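Chemist: Sequence:
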Amino acid sequence: MTTEQEVVETAKLDRLNANLVKVEELTQRLVAAMAHKRTIDPSLQAPGQDLYMKAAAAYMAEMVNNPARILENQISYWGKALKHYVEAQQLLVKGQLAAPPDPTPRDRRFSNPLWESHPWFNFIKQQYLFNAEAVNRAIDAMETLEPRERKRLEYFTRQIIDMMAPTNFFATNPDALERAVETDGQSLVQGLENLVRDLEANRGDLLVTLADKDAFTVGGNIGTTPGGVVYRNRMMELIQYSPATETVHKTPLIIFPPWINKFYILDLKPQNSLIKWIVDQGYTLFVVSWVNPDESYRDVGMDDYVREGYLTAIEQVKAICDVPKVNVVGYCIAGTTLACTLSYMKQVGDSSVNAATFFTTLTDFSDQGEVGVFLDNDFVDGIEREVTANGVLSSFFMSRTFSFLRSNDLIYQPAIRSYMLGEAPPAFDLLYWNGDGTNLPARMSVEYLRGLCQDDKLARGEFTILGHTLSLKDIKIPVCAVACETDHIAAWRSSFNGFRQFGARDKTFILSESGHIAGIVNPPSKGKYGHWLNDGPLDDPDAWKAAATAHRSSWWPSWGAWLAKRSGAQVAARALGDSTHPVLAAAPGTYVVAQPKA
76 MTTEQEVVET AKLDRLNANL VKVEELTQRL VAAMAHKRTI DPSLQAPGQD
126 LYMKAAAAYM AEMVNNPARI LENQISYWGK ALKHYVEAQQ LLVKGQLAAP
176 PDPTPRDRRF SNPLWESHPW FNFIKQQYLF NAEAVNRAID AMETLEPRER
226 KRLEYFTRQI IDMMAPTNFF ATNPDALERA VETDGQSLVQ GLENLVRDLE
276 ANRGDLLVTL ADKDAFTVGG NIGTTPGGVV YRNRMMELIQ YSPATETVHK
326 TPLIIFPPWI NKFYILDLKP QNSLIKWIVD QGYTLFVVSW VNPDESYRDV
376 GMDDYVREGY LTAIEQVKAI CDVPKVNVVG YCIAGTTLAC TLSYMKQVGD
426 SSVNAATFFT TLTDFSDQGE VGVFLDNDFV DGIEREVTAN GVLSSFFMSR
476 TFSFLRSNDL IYQPAIRSYM LGEAPPAFDL LYWNGDGTNL PARMSVEYLR
526 GLCQDDKLAR GEFTILGHTL SLKDIKIPVC AVACETDHIA AWRSSFNGFR
576 QFGARDKTFI LSESGHIAGI VNPPSKGKYG HWLNDGPLDD PDAWKAAATA
626 HRSSWWPSWG AWLAKRSGAQ VAARALGDST HPVLAAAPGT YVVAQPKA
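Offset between the sequence shown (1-based) and the numbering used here: plus 75.
Hints listed in this document are in silico derivations from the structure and should not be mistaken for laboratory results.
As the structure is a prediction and not an experimental result, all values here were calculated from the model.
Virtual Cβ for every residue (Gly too), placed ideally from N, Cα, C.
Wrong hints could be hidden among the right ones.
[Unchecked claim] Each pair of labels, with its calculated beta carbon distance range: (1) 650 x 102: 55 to 63 Å; (2) 582 x 275: 45 to 53 Å; (3) 278 x 647: 22 to 30 Å; (4) 120 x 541: 33 to 41 Å; (5) 498 x 643: 15 to 23 Å; (6) 344 x 653: 51 to 59 Å; (7) 138 x 628: 52 to 60 Å; (8) 344 x 275: 49 to 57 Å; (9) 209 x 272: 36 to 44 Å; (10) 582 x 463: 14 to 22 Å; (11) 610 x 149: 52 to 60 Å; (12) 648 x 530: 43 to 51 Å; (13) 88 x 188: 27 to 35 Å.
[What the hints assert, rightly or not] Straight-line Cα separation of at most 27 Å, DSS-like style, residue types lysine-lysine; simulated pairs: (14) 169 x 155; (15) 129 x 288; (16) 532 x 421; (17) 129 x 169; (18) 87 x 288; (19) 226 x 620; (20) 112 x 87; (21) 548 x 393; (22) 421 x 288; (23) 226 x 325; (24) 97 x 87; (25) 169 x 158; (26) 582 x 620; (27) 97 x 288; (28) 344 x 288; (29) 421 x 548; (30) 344 x 87; (31) 532 x 548; (32) 393 x 158; (33) 640 x 400; (34) 601 x 548; (35) 603 x 620; (36) 400 x 155; (37) 551 x 582; (38) 129 x 158; (39) 640 x 325; (40) 97 x 112.
Using the sequences and the accompanying hints, generate a full structural model.
Modeler: Here it is, written out as structure tokens:
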């Protein structure tokens, strides 16, 4: 007669055998995926050797010039590590299965209680944090490094330290070990399946899936504000949104989103949609949806974005609404290009723009912020070789680069959940958008990286568009800039420093809390992030902020009040398009969901 225990053991054995079969199948798929791994230029994988040589030279110089400081750092590290080892051994000798005193700082990566209570895990954690501290102190001691090289070295050192965290390895991650035991290894099988899926989706390269791709449909449950495409060319679709009020401001508004990402970040869902909010305030709103380019766009440059994007959109909106002027918004790189467009328009006598707003925009690249670590020649040379060979800079590289700016949040923690714990990606709309990237045309990529980012030609008055040398002082119309306090892509002080160089007398600067995305997508209903306002002079960013008034609410209404004063009287709400601009497709259009040819 079969006992209950035997039934349980048989069921476990059957599950184990089934999992072993799955592992064999997944291993074959893994090998196949790795066999198709593309060759990537080494310059797109890591900084050049010169950075390591400069770091080694700086360390040697410090050893020669200040050996006492080096020894002090080393002895401090040795002392902490040895003291911790002795304390751990003393507890074991006494027969106590407990961790010794833990002076290390709190770190959310080590949230499992076992990191504090279990002697094995606590020992690993403390030793890792002691090592991390020692490495960081060694970098701090390199006084002969130039500031830019120091910043790069600190960044890439932090990447190595974060990569080597014990949480990133199965044998030293208590969460992963506990899950494997609880599920009889099923979590590991599911984790392997998730790993293979990501490798297959990225031609053998590893890019962690951040969100459930089946949970969202653009135009279905995200990007749903009603409207229609009223114009289309090879560069963009122009979307007009249906009015939500009986009357609207006479002057229409055009938003130019960045073509590095897709525009529906501004329309994820009704509760946090800036697009819907603007329409609800009584505006005729148009949004440009950029094409996701393929190899055939290799020769498209900044000139083409200005001519076939900005200038064309402005002319089409003027015609549809029968108005002489429009208001415009540029977000991130689209704000930089908007500044270029406005300077060009000033020089050719085109007064079609009444007022302009810039979201998280850099026009002075003398301080490139955190993303600047990827803007030296070692990386940019590799990008130029990549786009010359393939015609576009693949969205893969853009996504990976921006993820490494927040590697613990966007690489290691998602990888742990997916590959070690075997969890399915979450149904999170923001992360879904984050993974829905776009390519960049070859010529435009190089022009932007070399001319704007590296050489800072726009702020220097040396950048050219359509044959005209541009100047920030040409921008004399009313302008408003919205920057974000913890923005890791467009640092707010850099945004401020470019904005204050505009030639306009009517300038308003708004500083929002949070970062590049959350600081902009900040609906009043959430009551989450506040902002600062200051009508004083735009001389120094820190002095401006120190004298600013803090508002514990979203910046949207403050900007809305600024925009309303510059948008004219109320007129009857406008229908979509006109007789010469029929609706070509319902919003969010076709370009936003189209996949470029491989």
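Chemist: When the structure is checked against the list of hints, which entries are broken? Sort them ascending.
Modeler: Structure breaks hints 3, 5, 6, 8, 10, 15, 17, 18, 20, 22, 23, 30, 32, 34, 36 and 38.
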